[in-house]
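Residue numbers (the UniProt record's numbering), protein chains in the order written: chain A, 1 to 248; chain B, 1 to 295.
Derived by calculation from the structure, the hints in this document are not laboratory data.
Predicted model only: the values in this text are computed from it and were never measured.
Beta carbons are placed, not taken as given, at the ideal position from N, Cα and C, and that holds for glycine.
Errors might be hidden in some of the hints.
Claimed, not checked - Restraint-style ranges between C-beta atoms, simulated for each label pair:
| hint | chain 1 | residue 1 | chain 2 | residue 2 | range |
| --- | --- | --- | --- | --- | --- |
| 1 | B | Thr-163 | A | Gly-151 | 54 to 62 Å |
| 2 | A | Glu-177 | B | Val-167 | 50 to 58 Å |
| 3 | A | Lys-71 | B | Gly-270 | 53 to 61 Å |
Stated by the list, open to error - Mimicking EDC-like on lysine to aspartate or glutamate, the simulated pairs with C-alpha atoms at most 20 Å apart in a straight line are:
| hint | chain 1 | residue 1 | chain 2 | residue 2 |
| --- | --- | --- | --- | --- |
| 4 | A | Lys-241 | A | Glu-222 |
| 5 | A | Lys-71 | A | Glu-82 |
| 6 | A | Lys-148 | A | Glu-102 |
| 7 | A | Lys-241 | A | Asp-216 |
| 8 | B | Lys-170 | A | Glu-112 |
| 9 | A | Lys-148 | B | Glu-169 |
| 10 | A | Lys-139 | A | Glu-112 |
| 11 | A | Lys-148 | B | Glu-182 |
| 12 | A | Lys-71 | A | Glu-112 |
Stated by the list, open to error - Computed list of chain A residues with no C-beta within reach of chain B, every gap over 10 Å:
| hint | residue |
| --- | --- |
| 13 | Asp-24 |
| 14 | Met-66 |
| 15 | Glu-82 |
| 16 | Val-91 |
| 17 | Phe-106 |
| 18 | Ser-108 |
| 19 | Phe-132 |
| 20 | Glu-133 |
| 21 | Leu-142 |
| 22 | Ser-150 |
| 23 | Gln-186 |
| 24 | Ile-187 |
| 25 | Ser-192 |
| 26 | Phe-208 |
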Amino acid sequence: MADAALATRPETASISDALLTVRDLEAWYGESHVLHGINFDVRAGEVVTLLGRNGAGKTTTLKSVMGMIPKRKGSITFEGKELMHSPARYVAKAGIAICPEERGIFSSLSVEENLMLPPKVREGGLSVEQIFELFPNLKERLSSQGTKLSGGEQQMLAIGRILRTGAKLLLLDEPTEGLAPVIVQQIGHTISRLKNEGFTIVLVEQNFHFAASVADRHYIVEQGRTIDMIENSDLQANEGKLHAYLGV
Amino acid sequence: MFELLGIPPQALFGQLLLGLINGAFYAILSLGLAIIFGLLNIINFAHGAQYMLGALASWVLLNYFGINYWWALLLAPIVVGILGVILERLLISRLYHLDHLYGLLLTFGLALIIQGLARNEYGISGLPYTIPSQLSGGQNLGFMFLPNYRGWVVVASLVVCLTTWFVIEKTRLGAYLRAATENPTLVGAFGINVPRMITLTYGFGIALAAFAGVLAAPIYSVNPNMGADLIIVVFAVVVIGGMGSILGSIVTGFGLGVIEGLTRVFYPEGSSVVIFVIMAIVLLVKPAGLFGRTA
Chain A
1 MADAALATRP ETASISDALL TVRDLEAWYG ESHVLHGINF DVRAGEVVTL
51 LGRNGAGKTT TLKSVMGMIP KRKGSITFEG KELMHSPARY VAKAGIAICP
101 EERGIFSSLS VEENLMLPPK VREGGLSVEQ IFELFPNLKE RLSSQGTKLS
151 GGEQQMLAIG RILRTGAKLL LLDEPTEGLA PVIVQQIGHT ISRLKNEGFT
201 IVLVEQNFHF AASVADRHYI VEQGRTIDMI ENSDLQANEG KLHAYLGV
Chain B
1 MFELLGIPPQ ALFGQLLLGL INGAFYAILS LGLAIIFGLL NIINFAHGAQ
51 YMLGALASWV LLNYFGINYW WALLLAPIVV GILGVILERL LISRLYHLDH
101 LYGLLLTFGL ALIIQGLARN EYGISGLPYT IPSQLSGGQN LGFMFLPNYR
151 GWVVVASLVV CLTTWFVIEK TRLGAYLRAA TENPTLVGAF GINVPRMITL
201 TYGFGIALAA FAGVLAAPIY SVNPNMGADL IIVVFAVVVI GGMGSILGSI
251 VTGFGLGVIE GLTRVFYPEG SSVVIFVIMA IVLLVKPAGL FGRTA
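Based on the sequences and whatever the hints tell you, model everything.
Here it is, written out as structure tokens:
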């Protein structure tokens, strides 16, 4: 029993300098209880992934942190501030931004309008020029309808537009899903660049190899709970365990 | 004098002008309905009553406060718009998580209450509102006589419709509105205050209706039922244009007004049903409407 209790709260007390702390997070879609106890910490400047099978609750975790799920409980602190009772727009203003799984590119907006849509929440975001430097494709398509872009370009737009706002913590939900290997590679480089620029990133991934190439630490999510945490440097040693968790 | 297809030009152009005037009202009203439906997912059945309130407000402003037409054109939409904001905050906002039908029922009930109160207070015989002196008289264009006020109505409504279209389609504020129409949750997650935007949008849609009401006051007398008669046709216009399309509702509004006017010339018996016949055909051929986006 003691082991099980420990396992549901990986590393609870160990990180005191965390930028984001999530404790005992539970969430519901209407009547269905989907998160049963999510615990994780993210230090400033880290890239942390949430790994797990389909339907484990990874996307719901990101949305809950962002305040997009109305029915939730537990604790989410960011820079020492409790965000559990804040609606999404206050979470955004606190400095967290999300790139949703379905990308959320608006079809009635041009690429430029999509890019400029999220308002600045504080200083220190990338300039539009810097975003074009990361994603040169976007610059050539500014006047196109947002959804006329290819899947890869839409993903770049979805990431690019949240870099402008000055948000410090980026929640990226499966940015590589359904993309060609060369684009996945480009997104991998981008994430590394963003880490160097000082962004903190929580990444939800199905693509385990991609996650391993960019992340510092991995949390394993299963049936709405975080059940383990693995340092990226310990991945080799824990390969057997991971295979069991993820069924890969 | 020459004739066109056996119709004297005075009659033809006269009906065309009448069609344009009706079209102007269809356009402003369906534009407001389209904006409200797009963002709120509410079919605002109170739109006709709110149009009537605009006309009534201009009459009250003139007769009780001595405020002239030009000020009424500005003040009546603001007053009625604020009333809309209060309605949205107090009542309509409680229905967003429910089916469209509830919003329709609520606003339909509100329309009946507003019209009932107005009838109680002002009767149904109609209150006259004189054309402002600057716009009385008319121009003889040779082929027809154009009353100045009617020309003004067409121009003013065109300007208001196109300005609204421009703001929604070409500005940053409009981009927020379009984005929130597509995905309000995500727009909120970007830090934008969507509930406030919804409230102001409803207020603006209602202000448009009230503006149309002020324009209408000198043409039709101010009557508590004036909106109820008009709104049914406007709903048909909205269905034809496609719910939620901005440019679509403007074009369809003016276009159907003209078609209705022409029908009155060439087949008068059909003039009161022509819009509904077109609606039925559009629904059969293109259920999302002429300009509607299929989801």
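Now for the hints, and whether the structure bears them out:
1. B:Thr-163 x A:Gly-151: 54 to 62 Å: 37 Å, violated
2. A:Glu-177 x B:Val-167: 50 to 58 Å: 36 Å, violated
3. A:Lys-71 x B:Gly-270: 53 to 61 Å: At 55 Å between Cβs, range holds.
4. A:Lys-241 x A:Glu-222: 13 Å, holds
5. A:Lys-71 x A:Glu-82: 16 Å, holds
6. A:Lys-148 x A:Glu-102: 15 Å, holds
7. A:Lys-241 x A:Asp-216: 18 Å, holds
8. B:Lys-170 x A:Glu-112: Between Lys-170 (chain B) and Glu-112 (chain A) the Cα gap is close to 12 Å, so the pair holds against 20 Å.
9. A:Lys-148 x B:Glu-169: 18 Å, holds
10. A:Lys-139 x A:Glu-112: Distance of about 9 Å is within 20 Å: holds.
11. A:Lys-148 x B:Glu-182: Measuring from Cα to Cα gives roughly 16 Å; hence the hint holds.
12. A:Lys-71 x A:Glu-112: 34 Å, violated
13. Asp-24: The claim stands: Asp-24 (chain A) keeps its Cβ more than 10 Å from every Cβ of chain B (closest is about 23 Å).
14. Met-66: 5 Å, violated
15. Glu-82: 18 Å, holds
16. Val-91: 7 Å, violated
17. Phe-106: The claim breaks: Phe-106 (chain A) does not keep its Cβ more than 10 Å from every Cβ of chain B (closest is about 5 Å).
18. Ser-108: 4 Å, violated
19. Phe-132: The claim holds: Phe-132 (chain A) sits with its nearest Cβ about 19 Å from chain B, beyond 10 Å.
20. Glu-133: 23 Å, holds
21. Leu-142: 13 Å, holds
22. Ser-150: 20 Å, holds
23. Gln-186: Non-interface label stands for Gln-186 (chain A): nearest chain B Cβ at 24 Å, farther than 10 Å.
24. Ile-187: Given that every Cβ of chain B is farther than 10 Å from that of Ile-187 (chain A), nearest at about 20 Å, it holds.
25. Ser-192: 25 Å, holds
26. Phe-208: Phe-208 (chain A) clear of chain B: closest Cβ-Cβ about 27 Å, beyond 10 Å.
Of the numbered hints listed earlier, those contradicted by the structure are 1, 2, 12, 14, 16, 17 and 18.
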